[in-house]
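Asker: Numbering-wise, the sequence shown is residues -2 to 57 according to our numbering.
Some clues are possibly wrong.
Claimed, not checked - When the alpha-carbon atoms are kept at most 27 Å apart in a straight line, the in silico BS3-like pairs for lysine-lysine are as follows: (1) K16 <-> K3; (2) K9 <-> K25; (3) K25 <-> K11; (4) K16 <-> K28; (5) K28 <-> K11.
Since the hints were derived computationally from the structure, they do not count as laboratory data.
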Amino acid sequence: MESNMKVMLKSKLKAEVSKKTSVMPLSKVSKLSILSTVSTVSNLFSNSVNFNAFLFQWWH
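Please take these sequences and the hints and turn them into a complete structure.
Answerer: What follows is the structure, encoded as structure tokens:
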């Protein structure tokens, strides 16, 4: 019984390690894409804020 548990734990560990190693380059890519998306969104947001301020000034 105990040996079965050890084998299961070992195989789980192996699976986790292989998952992490296979995901490693992907996570770098996704981090970059998330960063670029965030910067794009923040740029759009700041532009829209400027645009709103311009509209507000123009309106009054």
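Asker: It remains to establish, for every hint, whether it holds in the given structure.
Answerer: Results of checking the hints against the structure:
| no. | hint | verdict |
| --- | --- | --- |
| 1 | K16 <-> K3 | 20 Å, holds |
| 2 | K9 <-> K25 | 24 Å, holds |
| 3 | K25 <-> K11 | 22 Å, holds |
| 4 | K16 <-> K28 | 17 Å, holds |
| 5 | K28 <-> K11 | 25 Å, holds |
When each numbered hint is compared with the structure, no violation occurs for any of them.
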